[in-house]
Amino acid sequence: MSGQTSASSFPVEPDSDVSAVAEIKSLLVRGAKERAKEQYEGLVARHQHRISRIALRYLKNEADVDEAVQDTFLKAFIHLPSHEKKVPFIAWLIRIAINSCLDRIKAKSRRSRWMMPLIDLSGNERTDIAEPVTRNQNPEEELLAKEQRTRLNTIIRRLPERQQAVLMLSVFESATTQEISAIMGVSEATVRVHQFRAIRRLQKWIRREHW
Amino acid sequence: MWFKNSQHLNDTTLTQAYLESRNGNPWSQSTTDHLITCEDCAKKYARLTTLVHAIKLAEEPDLLARITSERLSRQRQRIMHRIGIMVGSELPASILRFPAFFTQTTTSRFNNHRWLAASMVAAGLFLGVIGGQLFDLAQISNLGSIPFVQDTTKNILILEPDQASQTNNTYDQIDIMTFSEIEIALEASSETELYTLDIMTPRVYEIAINAQ
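Note that the protein sequences, when read in sequence, are chains E and C. All residue numbers for the first sequence refer to the working numbering, where the first residue is 1 and numbers rise by one. All residue numbers for the second sequence refer to the working numbering, where the first residue is 1 and numbers rise by one.
FYI, nobody ran anything at the bench for these hints, they're computed from the structure. Among the hints, a few may not be true.
To be verified - Here are the simulated BS3-like pairs of lysine-lysine, each with C-alpha atoms no more than 25 Å apart in a straight line:
(1) C:Lys56 x E:Lys204
(2) C:Lys56 x C:Lys43
(3) E:Lys60 x C:Lys43
(4) C:Lys44 x E:Lys60
(5) E:Lys25 x E:Lys60
(6) E:Lys25 x E:Lys86
(7) E:Lys60 x E:Lys75
(8) E:Lys75 x E:Lys86
(9) C:Lys56 x C:Lys44
(10) C:Lys56 x E:Lys25
(11) E:Lys106 x E:Lys60
(12) E:Lys86 x E:Lys60
(13) C:Lys43 x E:Lys204
(14) E:Lys75 x E:Lys106
(15) E:Lys86 x E:Lys146
Stated by the list, open to error - Derived list of chain C stretches under chain E, where covered just means 3 residues or more per stretch with a C-beta under 8 Å from a C-beta of chain E:
(16) 19–25
(17) 44–52
(18) 76–85
(19) 114–122
Beta carbons: idealized from backbone N, C-alpha and C, even for Gly.
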């Protein structure tokens, strides 16, 4: 994801965010780090859920999600003085979160090239996807739904990074094109192109696999 | 704007129309009119919306339930702790802490000149090698100054007795001379030359007597 700053048309940022970010920045500039930290906790509490949700969609594994979220807020705190006013804080934060998740995925895939898959005692290959705890469906429906979900997830993961990010933000996070363009630092036209290509590709793959 | 041909809306147009509607933007009048009148395009559009819904289904149903308030508060604590470490208000978690007098043993002065020890060792080795070479050279040159006399009966060179006592490495030179004598004897056809060697060789019975 590029670091370009665009999208002045992002929906109005909450005033609380704007004022908090400005105050933290000034505190950091003055060297009052402890007070800046206290102020920052409020921002963390406000956006933590959304960032965790995005990280969970990327990473699945809860330990990885926790670490990615921690890294995101830590990086944001470190680089807050360089944050530009025209990019809303949440868009900037989501951008950092997505990059952290992608870095983690890449690092994991690099490691997995050199490591044997972990086999549990029942002989099945262990995956990172945790099993949902409760279900209202009967076992057969549950199994079918699970299979379909797995297949769809596999297909979505085959998409290029940017298309995946756009699809995730638009479909799962219900973000508008304006928001996505602010998050990804690209123009709205580019976001539309990515959305379009992602959907077209998925359509094609699904047709090929006779769904 | 949406038409590539006047017959049907193509996939590109339909996808764009879907995205526009998702973003809350109105369709153009022509697209709306066409979708109302053309059954095929309406079906294609319905398939597209179904696909996007299917993508939504790819999400695990309990995904969001996994983000509990407890988990978030734990996570927040960790974030603030890490920021605290960075800011300097909190100490990093340490498993082991050494007593102060141990930690002071590593002086920065030594660490700053770590290369010094290595270079001193290297210099020592260099000097050792050079010294050894010079010592060998000195021995060779000394050898040239040793006075020899010609033994006319045996046609060999022997060390002059008086001079031999004056040399520093007399025993070495005697060894050299003895071995040269043996070498000459071995090269000669006469066996009498080997008597010296034979006398020096211990016999079995001699050893037996000594043992008794």
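Going down the list of hints, with the structure as the test:
1. About 17 Å separates the Cα atoms of C:Lys56 and E:Lys204, which keeps this hinted pair within 25 Å; it holds.
2. Straight-line distance between C-alpha atoms of C:Lys56 and C:Lys43 comes to about 20 Å, which keeps the hinted pair within the 25 Å bound.
3. A distance of roughly 35 Å separates the Cα atoms of E:Lys60 and C:Lys43; the hinted pair therefore is violated under the 25 Å criterion.
4. A distance of roughly 33 Å separates the Cα atoms of C:Lys44 and E:Lys60; the hinted pair therefore is violated under the 25 Å criterion.
5. For the hint linking E:Lys25 to E:Lys60, the alpha-carbon distance of about 33 Å lies beyond 25 Å, and the restraint is violated.
6. For the hint linking E:Lys25 to E:Lys86, the alpha-carbon distance of about 15 Å falls within 25 Å, and the restraint holds.
7. Taking the CA atoms of E:Lys60 and E:Lys75, the gap is about 21 Å. The hint holds against a cut of 25 Å.
8. Using a Cα cut-off of 25 Å, the hinted pair E:Lys75 and E:Lys86 holds, with the two alpha carbons roughly 19 Å apart.
9. Between C:Lys56 and C:Lys44, the direct Cα distance comes to roughly 19 Å. Compliance with the 25 Å bound is thereby established for this hinted pair.
10. Our distance criterion of 25 Å between C-alpha atoms is broken by C:Lys56 and E:Lys25, whose separation comes to about 38 Å.
11. For the suggested pair E:Lys106 and E:Lys60, the alpha carbons sit about 14 Å apart, so the restraint of at most 25 Å is met.
12. Between E:Lys86 and E:Lys60 the CA atoms are separated by roughly 32 Å; this puts the pair beyond 25 Å, and the hint is violated.
13. Between C:Lys43 and E:Lys204, the direct Cα distance comes to roughly 17 Å. Compliance with the 25 Å bound is thereby established for this hinted pair.
14. For the proposed pair E:Lys75 and E:Lys106, the alpha carbon gap of about 19 Å is at most 25 Å, so the pair holds.
15. For the proposed pair E:Lys86 and E:Lys146, the alpha carbon gap of about 42 Å is over 25 Å, so the pair is violated.
16. Counting residues of the stretch 19–25 of chain C whose C-beta sits closer than 8 Å to any C-beta of chain E gives 4, which meets the bar of three, so the coverage hint holds.
17. Evaluation of the coverage hint for the stretch 44–52 of chain C: fulfilled, as 3 residues show C-beta separations to chain E shorter than 8 Å, against a requirement of three.
18. With 7 residues having a Cβ less than 8 Å from any Cβ of chain E, the stretch 76–85 of chain C passes the three-residue criterion, so the hint holds.
19. With 0 residues having a beta carbon nearer than 8 Å to a beta carbon of chain E, the stretch 114–122 of chain C misses the requirement of three or more and the stated coverage is violated.
Consistency with the previously given hints fails for numbers 3, 4, 5, 10, 12, 15, 19, ordered from lowest to highest.
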